[in-house]
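Participant: Build the full structure now, drawing on both the sequences and the hints.
If you read the protein sequences in the order shown, they are chains S, X, V and D.
Start counting the first sequence at 878; every next residue gets the next number (the numbering used here).
Start counting the second sequence at 878; every next residue gets the next number (the numbering used here).
Start counting the third sequence at 878; every next residue gets the next number (the numbering used here).
Start counting the fourth sequence at 878; every next residue gets the next number (the numbering used here).
No lab work stands behind these hints, which were simulated from the structure alone.
Keep in mind that a hint or two might mislead.
Identical copies go unnamed one by one, so any copy, or any two together, can satisfy a pair.
Claimed, not checked - Derived lysine to any residue pairs resembling SDA-like cross-links, with alpha carbons at most 25 Å apart: (1) Lys1055 with Ser1086; (2) Lys1058 with Asp1002; (3) Lys1058 with Tyr1012; (4) Lys1000 with Leu891; (5) Lys888 with Lys956.
No experiment lies behind these values; they were computed from the predicted model shown.
Number of protein chains: 4
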Amino acid sequence: MCRWLAAYTGKPILLERALYAPAHSLIDQSLHSELGAEATNGDGFGVGWYDDQTTPGVFKSIEPAWNDQNLRELAAHVKSNLFLAHIRAAIGSAVQQTNCHPFRHGRWLFMHNGYVANLPEVKRDLALAVDESLYPEIAGQADTELLFYLALTLGLEDDPPNAVAQAIGLVEAAGERKGVKFPFQGTIATTDGERIWAFRYSSEGKSRSLFFTGHVPTLRKLYPEREIFQEVTDDARVIVSEPMGDLPGAWNEVPESSYGVVGQGDDRLATFKVKHPAKAVAFSAPV
Amino acid sequence: MCRWLAAYTGKPILLERALYAPAHSLIDQSLHSELGAEATNGDGFGVGWYDDQTTPGVFKSIEPAWNDQNLRELAAHVKSNLFLAHIRAAIGSAVQQTNCHPFRHGRWLFMHNGYVANLPEVKRDLALAVDESLYPEIAGQADTELLFYLALTLGLEDDPPNAVAQAIGLVEAAGERKGVKFPFQGTIATTDGERIWAFRYSSEGKSRSLFFTGHVPTLRKLYPEREIFQEVTDDARVIVSEPMGDLPGAWNEVPESSYGVVGQGDDRLATFKVKHPAKAVAFSAPV
Amino acid sequence: MCRWLAAYTGKPILLERALYAPAHSLIDQSLHSELGAEATNGDGFGVGWYDDQTTPGVFKSIEPAWNDQNLRELAAHVKSNLFLAHIRAAIGSAVQQTNCHPFRHGRWLFMHNGYVANLPEVKRDLALAVDESLYPEIAGQADTELLFYLALTLGLEDDPPNAVAQAIGLVEAAGERKGVKFPFQGTIATTDGERIWAFRYSSEGKSRSLFFTGHVPTLRKLYPEREIFQEVTDDARVIVSEPMGDLPGAWNEVPESSYGVVGQGDDRLATFKVKHPAKAVAFSAPV
Amino acid sequence: MCRWLAAYTGKPILLERALYAPAHSLIDQSLHSELGAEATNGDGFGVGWYDDQTTPGVFKSIEPAWNDQNLRELAAHVKSNLFLAHIRAAIGSAVQQTNCHPFRHGRWLFMHNGYVANLPEVKRDLALAVDESLYPEIAGQADTELLFYLALTLGLEDDPPNAVAQAIGLVEAAGERKGVKFPFQGTIATTDGERIWAFRYSSEGKSRSLFFTGHVPTLRKLYPEREIFQEVTDDARVIVSEPMGDLPGAWNEVPESSYGVVGQGDDRLATFKVKHPAKAVAFSAPV
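Facilitator: Here it is as structure tokens:
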């Protein structure tokens, strides 16, 4: 029920370069979305960033991002070589910081633009499938936080595509048990601070949009007047829900049912296929 | 920089009947304005209501109105025979409760949909023109609060149309001194709990919209299926920035440079003419 | 981890009469507790009140109660014949509205001054014991909300003392499984809008304090100068964590391991005994 | 009406080292003050820090500091060689971010632990004395913000002790005109990012407390087991309202009617004497 910008990787830059600087920026988009499911996204936001500390920093607020003075201050003073930003349009769950993305566990961040359909009907089954040691960390009521803890339970830290495939598989299995037609919708970004994995998938096969920037040296030639392309390094990447700025040729769409990896020299696009649990295994006790 | 709904007068009803009930309600409008200057109005809101207490109650919040749970609770439990509601789209001043409308002084409430142009340039002159005994009551930084205290200084409690005409006159005089072309824009509603005065005026002569409901018995005949018209009394009136619901014939536009009064059997529309201060008098010391 | 004032029953009065009026009022206590476990209780608050609507109103805020302007407004304008108020001192769970008491389900309100010990260790077992149809209503992460839904699962709406006895029994059983010495601490108030049940119990047998007002006609004679006793009816009752005001003889302590009922002519004190679940039954799957 | 910790200068350290790390830290003090005028300081807070950007960053919140998750995140990730922190206990003015210290103008920060007595009576006179070009920057209603703009009007950026002496002189003159016995109380810290000036003064001669750390090499010898003294450089200084930690010999009290300067090799203590405006000049028009 949201929108997100995931995520910059490259030379450390001030967060404001990505959040506020370009025309049609993420913050502008929070007021006037063109491609998003909701025109306005004013129900809180979050940013997560990596620096030389052990765990990433996370700043969340329930005020609309466009007028949040603290976000402006933070973005004008914090530099990072990898950061995520997310803006919510809540439907159903409370506007509170514990429901704002990105969610954090250790060095991992996770965020989502979409929803688990009919959440009230499947929530308990999904919560039961979360590992007992992780369960107490769940702080809010967002479908995405639950999805994150399912993915952690299923090995996110070792093999993100496999864990996300299984977590969505569980969501689809739980939905099907309740007769939900299309249990999952959305795009997901997750990172360990070194690489970012970004997924585009929906049960219906009509997923929310997802874009990534092209090759920086090419962009520099195409748009020599754009400072930002001179400033960032060749390997910089930005992944977004909707293109920012107005630069034909700058943005590539992630295809339906695909995922991409960027960072640490790892830069590829692959097919994403959900893995359903063996019927006998899912939701049986003890999980 | 805002939108408002001013205001219901009539038989006591739950606030929610006016704020949430109709399709295209005020709360809907806060997300998707059609006539307003800004598409989204998510920078706080306020309601003011009268009951059997000495002064009206005022509830203000800096969260977007559409997801504020406390507003929903209040609106579902508080009944009033006269209330105002206002939703902000801030430009320039902070999103804080002391900048939310309606403003209160004793039994009076005051709110505004518009702006004082070039406020930073004229603010000090206008603040100086506020009566010394009223000055310490100014709690925020909103142009509207300043306008309210100017109007109080100039006799709002005795003759609202005259005081508002002089207050806007001062704003225009202050603006002209600084070379501001069109110093004032907007619609204003003010009330003492018995009658509501609503003004539509701008220096440019292109004022923001303002509507009031027609004759209730006529509306009952036109829309026999609408519960709300059966529920309210014959003398009920609603004044709004934009028509709510989708009822042709229900809404009359307040003409440019006019004001209306409703409540206590007083129900009329008149021409509004700004009164400029004598040049020698305005902004001279001692104020 | 909190303090509460539960609750006025009697003739409808403005909430402010109970919240702000007396010296050493609830709001004062939130800043300077004398008997409470924490000296300062500044982590949000809530009030719940009954009127002629179907469900009670609930107002919650994460600002310290002592400076919350909206609470002052509400309390000065809302009258009720039965209301609860609660002030938090959070330890461990987030300061957010969904963690503020009182919690509501239909016509029922529930609040608690105390804690479930070692919550992270027992949370999952307790969540599993909540009825599947109630589970999706859990909106926050507070131990008290979980306890409320356990009590609802176990028949709170039919027999409050029995349901609370069983719910605390489950908490103690879950704690014992994890080697927790004293799994439960606290006082609880719950109401259906007609009667209030107030419990004082802790596994350790050293429960937080709980008081109720004496017989109003007696209080009137003892303190003829106190307006409040003239104003309220003979059957008025106030239940509190700590005595308010400085009136010897006004407050009776609820004994350890007891509960009281007030309202609707029902006015008694009884022994409270926790009911542990049959060992074979608790926490077995499927719940 | 507040407390503050001003301010660290020295080698860049994480803010959390000063805000959270020591026993009896600033954050602890916000809950349990021993020397402060108020026992609890829960009405918002602010931090201001310098880095390699043009202007300092400022983070403000109206939640109690002790449970603010965003402050914890910021403090765990932001390093600075000079920063200020302030915690409020509001009396009279609203709990809103624009009333939180430190206040900022260009590269300057300013904060205050104390009050202008009888503010409503003198506020207008003081506001009139603010330079017309600075006046529109005043965003809140705090006495301290007004004092800051008076000091800026009177040359803070060129000669801080002289400007503060004149600003307090104006406050005293304005108070005397209204018959206020002791118009000013408090300690003040102001900085340009290179040096910190800290003042202790009150009209009554009974000023709030102010302390600064001693010579780091001496502290290292006295407390060899304290990591913090090993970590910071020889020239590090901390100025506080109340001593943090429990280290006899670590803290020196700033004497009554004195000010100190630290930073950039400038390290001295001097007598502070208020400069009253010429009687004919103050508060005459035009200011």
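Participant: Decide, hint by hint, whether the structure agrees.
Facilitator: Hints versus structure:
{"no.": "1", "hint": "Lys1055 with Ser1086", "result": "neither (27 Å within a copy, 46 Å between copies)"}
{"no.": "2", "hint": "Lys1058 with Asp1002", "result": "within (17 Å within a copy, 31 Å between copies)"}
{"no.": "3", "hint": "Lys1058 with Tyr1012", "result": "between (28 Å within a copy, 22 Å between copies)"}
{"no.": "4", "hint": "Lys1000 with Leu891", "result": "neither (38 Å within a copy, 35 Å between copies)"}
{"no.": "5", "hint": "Lys888 with Lys956", "result": "both (9 Å within a copy, 19 Å between copies)"}
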